[in-house]
Amino acid sequence: MDFWTALEYAAWIISIVLFAWMLADARFTSSQYGEDFLLSSREGEEE
Amino acid sequence: MTAQSIAASAPQKNSLLKVLGPIHVWALGVGIVLVGEYMGWNFSVGKGGAYGSLIACWIIGLLYTCVAMIDSEVTSTVAAAGGQYTQAKHIIGPLMAFNVGLYLVMAYTMLEASDAIVVGDLIKTIALQYGAEVDTKPFVVLTIAVLAWLNYRGVFMTLTVNFVITAFAFVAIIVLFFAVEGVGTGGSILRHRELLTDLPYGWIGVLAALQFGMWYYLGIEGTCQAAEEVRSPGRSIPLGTMGGMITLLIAATLTWYVCAGLMPWEYLGQAITPLYDAARLTGVLELEVILFVGTIFAAVASANGCINDASRAWFSMARDRYMPQWFGAVHPRYRTPYRVILFLIPIAVSFAFTGLLDQVITFSILSGLLGYTFMSFNVVRFRRMWPLGTINRGYVHPFHPIPCILLGLLCAATYFATYLGYGASLLSIMAFYILISIWFVLRRYQFVRRGDQFTMPWPKPKGY
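Just so you know, the sequences run in chain order E and H. Sequential numbering of the first sequence, starting at 9, is according to the working numbering. Sequential numbering of the second sequence, starting at 4, is according to the working numbering.
Extracted from the complex, chain E is given alone in its bound form (with noise of 0.2 Å):
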């Protein structure tokens, strides 16, 4: 495998990766968190 092959997987391999942390990310936190919390977001409201 040449140098620009491995290259082409490995960008593939990160992205991947990424995207998977990502989700699974998003799914731990929407059931550690309960919707009205994570809506809760006003505009215009500070902190």
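Accuracy of the hints is not assured; some may be wrong.
Away from chain E, derived, C-beta distances all over 12 Å, residues of chain H [said to hold, decoys possible]:
{"id": "1", "residue": "ILE126"}
{"id": "2", "residue": "GLY185"}
{"id": "3", "residue": "GLY187"}
{"id": "4", "residue": "TYR418"}
Calculated pairs, EDC-like style, for lysine to aspartate or glutamate (alpha carbon to alpha carbon, straight line, at most 16 Å) [stated by the list, open to error]:
{"id": "5", "chain 1": "H", "residue 1": "LYS127", "chain 2": "E", "residue 2": "ASP10"}
{"id": "6", "chain 1": "H", "residue 1": "LYS140", "chain 2": "H", "residue 2": "ASP124"}
{"id": "7", "chain 1": "H", "residue 1": "LYS16", "chain 2": "E", "residue 2": "GLU43"}
{"id": "8", "chain 1": "H", "residue 1": "LYS140", "chain 2": "E", "residue 2": "GLU16"}
The hints are simulated quantities; they were obtained by calculation from the structure and are not laboratory data. For each residue, glycine too, the CB sits at the ideal point set by N, CA and C.
Given chain E, work out where chain H should sit, using these hints.
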């Protein structure tokens, strides 16, 4: 930690984090735009010649100065994510707000897809120089994946990275300018006297060049998407936006000056990477490397800022239920609109996989242009409903109503210019927005939180 203990220790409200300063606002605006200096602007040379392109650069510069001034004034009072969408909601009404929100999402997602295509093409070019042929798709996906991940993890790091790579790309243009001018090394290698010609297609060519003149500045108005995440919006947004506009005027003028002095207009008008080509013409390897890295950084910074802006616009619409409310969630740890960031990934990847760079970018430009047209009458209504002195403005733009009249006229001229080159695209995009507006009125508006939409602590508008 159990779900109960997390819920017990969490605050009652979840919101975006106010951590940004003026340099982040600058990085967001200039980061989105600077790629237009590295590529794209030069198609205006093909339409109107080198002088035609310079005239387009200045005329469109005037258009964007009006945009930056008007936007700074309205945003300094409407400090919420969503930018122009939120402005439209408060000042015009729901249908306009829905359309403006969509212009923003489309303009930025298409621009993000275009930037990813550019990164893939640049890597392919480098591979070809080494005699290898690569598929651009993995690099397109990697660009979007890394930037989406960065955006998912927090706005502060996202825009700090954008500041560093945007500053590098801007400094690279200045370094190239000094090098070709011969500062510190001897004589200038620029040949403006021999290369500059009269307008090859007359003034109609200059008019046609306006469409591509937008590449010099397209996206600077994206700074106001950060309004809900800056520590002091009244100060940071005008400072970052106007500072960004000054940066772009300098970068655009230097870019034109260097490229027009090194390449004949016939070549420059169809070059893919004009600044990188200019560096190659100097024969200095270090310059070549700097400008290549600058080109990659500019494309990456643009895509990064676009993910930030598109997600904030969609998030704001979801919060008001213009879109499904599910998208209005904020990540409790990273304080980002994480569901929208995830949702927009496959859309950007799909558009990038078409590889139709000119069609995708035309959709982006026209969506942006529709947004600027909205701004011209939005500010008139804003000043009429809340005259100076009735609400606290962080910035007041001068010479009103001249900037909004000028903006309206320049937008009309640019529509005509676009019609000359991309008439079918212009008409199909108009048809798309008309159809989606009908869908909004008939189907979606019933879900909108009508009573909760007006969130600014302003007095009743004049005449109501």
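Against the structure, the hints come out as follows:
no.	hint	verdict
1	ILE126	violated (8 Å)
2	GLY185	holds (38 Å)
3	GLY187	holds (37 Å)
4	TYR418	holds (32 Å)
5	H:LYS127 with E:ASP10	holds (15 Å)
6	H:LYS140 with H:ASP124	holds (9 Å)
7	H:LYS16 with E:GLU43	holds (12 Å)
8	H:LYS140 with E:GLU16	holds (9 Å)
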